[in-house]
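Asker: Throughout the sequence shown, residue numbering follows the numbering used here, covering 1 to 90 in sequence.
Heads up, some of the hints might be wrong.
Said to hold, decoys possible - Cβ-Cβ distance ranges computed for the label pairs, FRET-style:
no., residue 1, residue 2, range
1, 79, 41, 21 to 29 angstroms
2, 27, 47, 17 to 25 angstroms
3, 67, 41, 54 to 62 angstroms
4, 83, 36, 49 to 57 angstroms
5, 78, 50, 37 to 45 angstroms
6, 60, 33, 22 to 30 angstroms
7, 23, 72, 26 to 34 angstroms
8, 8, 48, 24 to 32 angstroms
9, 54, 32, 19 to 27 angstroms
Just so you know, these hints were derived from the structure itself, not from any lab.
As the structure is a prediction and not an experimental result, all values here were calculated from the model.
All residues carry an ideal CB built from backbone N, CA and C; glycine is no exception.
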Amino acid sequence: MVLDHQGEHSSQWAAITSVAGKIGCKAETLRTWVRRAERDSGLRPGLTTDEQARIKALEREVRELRQANEILRKASAFFAQAELDRRYKS
1 MVLDHQGEHS
11 SQWAAITSVA
21 GKIGCKAETL
31 RTWVRRAERD
41 SGLRPGLTTD
51 EQARIKALER
61 EVRELRQANE
71 ILRKASAFFA
81 QAELDRRYKS
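Could you put the whole structure together from the sequences, leaning on the hints where they help?
Answerer: Given below as structure tokens:
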């Protein structure tokens, strides 16, 4: 609605405040939604919603893999030390 009625107002912010009052939300919330819609449609530079979600998922995966690697490293060191400490039967 903001993008459709932007030409009827002196600025985008004026359109945002007008539409926000009509739909019953805060202007700042609507401004955030408009910015996101502009990025998703390519009108504004920046990461799209899908790209942000993908980056977040990849960061979570990297964090989990690092934790798994640390656990494996500690387990390897533990078992290596246990092998050295074990008495050999002659």
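Asker: List, from low to high, the hint numbers that the structure doesn't satisfy.
Answerer: Checked against the structure, the hints that fail are numbers 1, 3, 7, while the rest are satisfied.
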